[in-house]
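Peer 1: Respectively, the protein sequence lines represent chains B and D. The C-terminal position of the first sequence is numbered 512 in this note's numbering, with every residue numbered one higher than the one before it. The C-terminal position of the second sequence is numbered 512 in this note's numbering, with every residue numbered one higher than the one before it.
Among the hints, erroneous ones may be present.
Claimed, not checked - Not everything, but these chain D residues come out facing chain B in the computed CB check (under 10 Å):
(1) F4
(2) Q103
(3) K197
(4) G205
(5) P236
(6) S504
Derived from the structure by calculation, the hints contain no laboratory data. Each residue gets a CB set at the ideal place from its N, CA and C atoms; glycine is no exception.
Here is how the chains run, residue by residue.
There are 2 protein chains.
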Amino acid sequence: MAYFDSASSLPLHPVARQALIAALDEGWADPARLHREGRRARLLLDAARETAAEAAGCRPDELAFTSSGTRAVHDGIAGALAGRRRAGRHLLVSAVEHSCVLQAAAAHTADGGTVEEIGVDRTGRVDAGRYAGALRADTALACLQSANHEVGTEQPVAEVAEACRAAGVPLLVDAAQSLAWGPVAGGWSLLTASAHKWGGPPGVGLLAVRKGVRCAPRGPADERESGRAPGFPNIPAVLAAAASLRAVRQEAEEEAARLRALVDRIRSRVPELVPDVEVVGDPARRLPHLVTFSCLYVDGEALLHGLDRRGFSVSSGSSCTASTLVPSHVLRAMGVLSEGNVRVSLPAGTAAEDIERFLAVLPETVAEVRGRLGAPLPGDEATAPAGAGRGAAGTASGAAPEEPAPDGPAPEGAGTDGAAAAEQSPKAPAAAGTEAEEPALTVDALGRRCPVPVIELAKVIGEVPDGRVVAVLADDEAARLDIPAWCAMRDQEYVGERPAERGSVYLVRRRA
Amino acid sequence: MAYFDSASSLPLHPVARQALIAALDEGWADPARLHREGRRARLLLDAARETAAEAAGCRPDELAFTSSGTRAVHDGIAGALAGRRRAGRHLLVSAVEHSCVLQAAAAHTADGGTVEEIGVDRTGRVDAGRYAGALRADTALACLQSANHEVGTEQPVAEVAEACRAAGVPLLVDAAQSLAWGPVAGGWSLLTASAHKWGGPPGVGLLAVRKGVRCAPRGPADERESGRAPGFPNIPAVLAAAASLRAVRQEAEEEAARLRALVDRIRSRVPELVPDVEVVGDPARRLPHLVTFSCLYVDGEALLHGLDRRGFSVSSGSSCTASTLVPSHVLRAMGVLSEGNVRVSLPAGTAAEDIERFLAVLPETVAEVRGRLGAPLPGDEATAPAGAGRGAAGTASGAAPEEPAPDGPAPEGAGTDGAAAAEQSPKAPAAAGTEAEEPALTVDALGRRCPVPVIELAKVIGEVPDGRVVAVLADDEAARLDIPAWCAMRDQEYVGERPAERGSVYLVRRRA
């Protein structure tokens, strides 16, 4: 058994466990009370704040404990926006922030504010100059994660902080993924983090607000945590969080070097062992413990279950594993393949043998999923010369193989009735504008989930003459990302997308 | 040592402790993940929800776990108000709700809504008919606690719920203080509670929303807890909360009977042992474990410290113990004495001997505080016939004794420079309206904290002729409550209050 999903959550660090159990006996009382139990609780809370503030790189009176990292982000963003209301209502975020940042941004939009998302390159990295260029006179707040939670890419926080400082705009840094490894460099104004990401208990977030930065609490307030986090404080958890942050920091440098080497091993070996894999994220400027790759023609959920059966716990940004049926917004912003996506995030102490075992079972697991989906084998693909494949150009391929029964409950809208079918061009919708060319073949993948539309495309592309267009009709959101990504991997020309009565039509021109 | 502040917080119940420690190993993963650790966490979360829902008297899918009772109240009130926005923006609350309910109401007012507070009688109880009569066509939500947290009085929730049902208005019941003792009777629409009040861990609140009741989440949302509580769930704490609620319920009936007898003992013995004590709250319709009394001429903070030194931890609603310098809004709404206020709330398992020890030390502790404040002794009070006291009528009393140094830091605005001084009438501000009568004597207690203004009044009342008026000039908020309460206890006539340049003037007519 190996748990490779530390970016989601970690078991309690032994130091956190010890501190938590001790504080259950010492820190259960209300620190606002005058009796001895209350005074003892207050002392513990003060001590936890000093420890956590030192690790976060701020003063104790700048740090509030919240009930989660999400709460810290929501309240930090809403509070800073309210505090800067006179400056304006423009909010800058990167396109690859954690979903809780984007949810706070959506709430700002719903409240009449303006949100601007700064895109990233194919490694998931924000360009500092581009970010700085988007700062406006009415920018109330800028948000930038320290490092991405899905692909590990570090962001240029120090440069962006300097630009924000020059522009007089506060910068909120979501440090949830990086705080275990070290303090955030640069002149941030607000910082948020989450204890269960570093082996602290759930139920503890950090919200640091530099002196002089306006952060007006929203909603009902009380006197707890400088008015920034109402409700009874969770002192045992806060103590455990602070103690474990200090503990992981002491091991951070050594452990980072060790895990970095293990991740490098995965980054180099996976593409050698598994055909048609795209390893994503910045290879160097990245978190030490995290690597993400996507496997062509693979259903992410089936892959996760296959790995789980073999004793490996990972997570995925594939749409087929999420209840929303939308692929990871991070992968989408990067413009990389999302199907068969696997995020490996190693907890401290991961052994090299675990990595070797993982590399040993990954190829068979991927092959198994591809086999069940009837995915084309390398060399047996329809991108082979037209006429040499399984069908003549212009001939509709047969019905797609049956989709395997999903291991989990089938998400709504994932039709299992209609198998994808390739149809001859006369039935395709009329192309418009620059895509006025009549497709030679149309694949109907309506109601089919990722990765089926891409598999169906791969099966028939060889059946059209070189230079002709295949149209894929699909309503799975992942197709928008994965069909262009497939074209890039297979050196086919992605022509574009146009709306259809249901879903969209994706046009691909064959290059022999 | 005896901890008598269970209404603030309780140490972890042994069952909670056991469940928490077990769940630290089993329930740390993200229940939204597909791997085995995630699935195990999800099973535990589901089990906790079933257990807690059964105890709360609702369906599991009606119950969300929040990060605190305060959060449950804030989100329940804001969500229900938003869900009923079309009906109107009128919010009904009782005047003795927990401060977090009143803070949510204040946020509603700040947002342009209307809040109406329903008063209580001298026992702290809402009149159900009066509450029902305040329901309007545009009432969006009604809030009523199951039982009061400061004086223990039970509220007529079932009757009010029935009136709300008839009016089509949802009723939110804050059950924080009573849920340990049993489910809330009656047809509530929303219910909130807090685990650390029943021996569960901090960091867990309950928010139950009946099917069909609109409760639209405010602010950023995610898919956790049916969209009602964003952020990573605290599964170990939630499991411990549910397990301990079930455990305390199993002991509730027997323990309630036992503690009720101990509280009855305190209720009857304290007034016999300590002169000038007012026991407040409903003597019968009350929580089993909680009793509150106030001691004339006593500084609440000093009394708490005196009891603490003798090994008893209690809390107080006196203004002199709170950083805000405002006496408990509950005592104020009841119109009872607030000085020297003590709330005794017994944890399960409190021994009868602890109560006897408490009763043994209370009289000397109260006498000690009174002595340090120079409070009049019974029989030596100035309410003795005029001319028989320490001074002739119309003569200013000497300077008040020095205020003792507070054990804690002196709250802002609590002047220590000016001792209270009684002055002859010419310097008193001119009376107006029905109080046009010239006071015979004015006591200047500006800058003096509770209970000094009352003590100074007591010292000089005997110096004015029967039927004449003493004016007390005071800026301590508690005077507004405590001077009328003193008049009732001493059978003197409280004439009324009028504003002064600083503070207020309180007028008392001597009855010999």
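Peer 1: Let me know if the C-beta of D/K197 comes in closer than 10 Å to any C-beta of chain B, holds or violated.
Peer 2: holds, 9 Å
Peer 1: Restraint: D/P236 near chain B, CB-CB cut 10 Å. Satisfied or not?
Peer 2: Where the cut-off is 10 Å and the nearest Cβ of chain B is about 7 Å from D/P236, the hint holds.
Peer 1: Holds or violated: is the Cβ of D/S504 closer than 10 Å to a Cβ in chain B?
Peer 2: violated, 26 Å
Peer 1: Interface hint check: D/Q103, Cβ to nearest Cβ on chain B, cutoff 10 Å. Holds or violated?
Peer 2: holds, 4 Å
Peer 1: Does D/F4 pass the interface check with chain B, least Cβ-Cβ distance below 10 Å?
Peer 2: holds, 9 Å
Peer 1: Regarding the hint that D/G205 lies at the interface with chain B, is the smallest CB-CB distance below 10 Å?
Peer 2: holds, 8 Å
When the structure is compared with the earlier hints, a violation turns up for hint 6 alone.
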